[in-house]
Amino acid sequence: MRPRLSFEWLHACSGCEISLLNSGEGLLGLLERVEIVHFPLLMDHKYRHRADGAGEIDLPEAEIGLVSGGVASEEHLAVLQAMRKSCTTLIGFGTCATHGGIPALRNQRPVADALQTVFAGADGQGAIPAAMAGQLDRVYSIDEQVKVDVSLPGCPPRPETIVEVIQALLDRDSLQPSEKSVCETCPTMRAGKGQATVRRFLANAEYDPGEPIDKMRCLLEQGLVCMGPVTAGGCGGKSAPLCIRARVPCRGCYGPVRPGGNQLLDMLNALASNGMHHRDLVDRPSLLRFSGAHGLLRPVRRRN
Amino acid sequence: MPQVISIHPVTRIEGHARIDIHLDESGRVSDARLGISALRGFEQFVVGRPAEEIPRIVNRICGICPWMHHLAAVKAIDGCFGVVPTPTGHLLRELCQVLAHIHDKILHFFFLAAPDFVLGPNSDYSVRNIMGLVRREPQLAAQVVRMRQLAQMMLERFAGKAIHPVAGVVGGFAKPMSEEERRGLAADGQALLDFAAFALDYAKGAVFDRFREDCNTLGTITTGFLGTVDDGGNLRLYDGRLRLMRRDGGWVEFPASEYEHYLAEQVEPWSSAKMVYAKTWNEGFSLDPDAPRGVYRVNTLARLNVCDRIATPKAQAALEEFRHEFGRPAQGTLLYHWARLIELLYACERVLELLADERITDPKVRTSASPKAGRGIGHVEAPRGTLIHDYATDDKGCITRANLIVGTTHNIAPMNLSVRQAAARLLDEGEVDDELLNRIEMAVRAYDP
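So the protein lines, in turn, are chains Z and G.
Numbering follows the numbering used here, in which position 123 of the first sequence is assigned residue number 214; successive positions increment by one, without gaps.
Numbering follows the numbering used here, in which position 179 of the second sequence is assigned residue number 209; successive positions increment by one, without gaps.
Note that these hints are calculated values from the structure, not bench results.
It should be emphasised that the depicted structure is a prediction, and the values quoted were computed from it without experimental measurement.
Careful, some of the hints might be misleading.
[Stated by the list, open to error] Under the rule of at most 27 Å between Cα atoms (straight-line distance), these lysine-lysine pairs were calculated in the DSS-like manner:
no.: 1; chain 1: G; residue 1: Lys234; chain 2: Z; residue 2: Lys306
no.: 2; chain 1: Z; residue 1: Lys271; chain 2: Z; residue 2: Lys238
no.: 3; chain 1: Z; residue 1: Lys137; chain 2: G; residue 2: Lys304
no.: 4; chain 1: Z; residue 1: Lys271; chain 2: Z; residue 2: Lys284
no.: 5; chain 1: G; residue 1: Lys344; chain 2: G; residue 2: Lys234
no.: 6; chain 1: Z; residue 1: Lys238; chain 2: Z; residue 2: Lys176
Use the sequences and the hints to build the structure in full.
See below:
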């Protein structure tokens, strides 16, 4: 029997699944080795509720399960628990699953505020639909709710990395998590000391478009807030990080370099050690825009 | 006794949804609803953030069409800051947008929808999918996988990130295109155009011939349509004026910035997705299956219905053939698939047109911007329909208010009508089994929600 794969998505956008499809040949090769038993984007396997009527969801057993998205509602939680129960090895697929991702930005406010903003309407009188019942108090990463065996961050993770991780699990090869930062995979030129003040990204970086990336000055040294120093590397595979290829600063989408890291504190330290003032930094909490789960982003208590 | 049959989750669509079919005492369909319940909260959590960062945040609304949210937001923030992008900035943005349409259409037609037609709605769920297609038609499937990947890799090569892009920036684009890049993209663009022409021919033989029967079983609803055209009435995806067509084919045109005068949003207690209706028709909003009011549709079929013509030759020829057979406006829900492949042809032709424009390699790609208070409304035609981003900023250039109308939102009301109609017809005739329930889902899948 071929090894079985099961996929689910929770508080997610489907970008991780599309990234897997972007692996092209890698995907075709994988399909020759495995049997996919559950994958709502691509196949019609439905939820079956358990015969004992406990309201639990029953999913088919699989050797490997991939879950994208964080956990924001009771329904997400039920699906996640069913995945944990049915899968031998569970992979947190993408940054939302591993660190909360962009949707966890809403953890800066109580969940009632989001409901109010979305449904109140211009007159502030709009009713919140009954279908919105069952929201949790915040957006959780999946490891806050169940045991996760493998973390595969990235927004989205790189296509070939997804296939490599699955192949390695199938071959029982050991996984070697990289502890390189984006900076350690970035070819731009560093002089050691750059601008003392940070600027918003309202005009393009300075570079000669005819020259390759390794002739461009480090964006952080140009005074742009680039989160390369505090972000896990790997987005560009063997070549330059993807945002840097677009000549745009990194915003931290792979989450912290080491598990448990705090991208906000680490980035403020990185700015300080580069001799940069961070007083002018607008919207500091958004340094946690990809890693706001684990209680890192939370509502600010208002002064009375 | 009354009961509810649920399809949960609706599968082979690009998001989370369920269908609940309510049966009365005699077993007749009394109601059927497509429910979508996720509180993403983007309109709330963008507030207070620097506006120039928004295009890199709201692209996470959708991992399949992140370029659409990225660009609608970028255009809206141009408006907030009162900055006019350079002509090349616009060309590069449009190039990325049409490239993103290409991968999306291949994904939807071949990966999600085609298994119903090529493998049949009555085939087992375990083979009625792209994996089944790989086994049934390995050469076709391999080509489909490679062509979709090619469109995505063209974006990655030129613009860094294909999924959750970063290269669109307030004032224009983050990097210019070199002559070498232009030549490489043009060669790949030609390969995509050849594939698009093949795909339409293939579908006419293997898929669309089955439509006549399926259209009859699933039924047809009659609605208005919304899409985007230029001053000459040509189909446009990146910019232009909105054209809102009534059921009888008459229309009004307006700039996206005036959307609030023509469209309004409605909240229903059973769905977290707001519904949009044509306020300007002065008939209110109703999902009454016998007399719906205010309901119009968006996405491929709508765009082809509202435009007078398409400005590229191959797509125009395909449009003429389509109109000759189905008239204007064409109402059949499954015709969305056919229209999707005509748009695929247009997107490929447009890629080559843009790459042939000598201004595209001009190094002046961005106008510098300064933060200021303002309001901006940006719109593009996303694969799933007319996408509108509306933001206001304070004098520090941070967001104070956001309103987003995403493509699928316009189609929630008509999808509910289609689901109800399909459920009523099918359940009247047959026993509830997996095939019947899948046929109801086919009514949703056509809309590509």
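How the hints compare with the structure:
no.: 1; hint: G:Lys234 / Z:Lys306; in the structure: violated, 51 Å
no.: 2; hint: Z:Lys271 / Z:Lys238; in the structure: holds, 25 Å
no.: 3; hint: Z:Lys137 / G:Lys304; in the structure: holds, 26 Å
no.: 4; hint: Z:Lys271 / Z:Lys284; in the structure: holds, 22 Å
no.: 5; hint: G:Lys344 / G:Lys234; in the structure: holds, 15 Å
no.: 6; hint: Z:Lys238 / Z:Lys176; in the structure: holds, 10 Å
Violation of the numbered hints given earlier is confined to hint 1; every other hint is satisfied by the structure.
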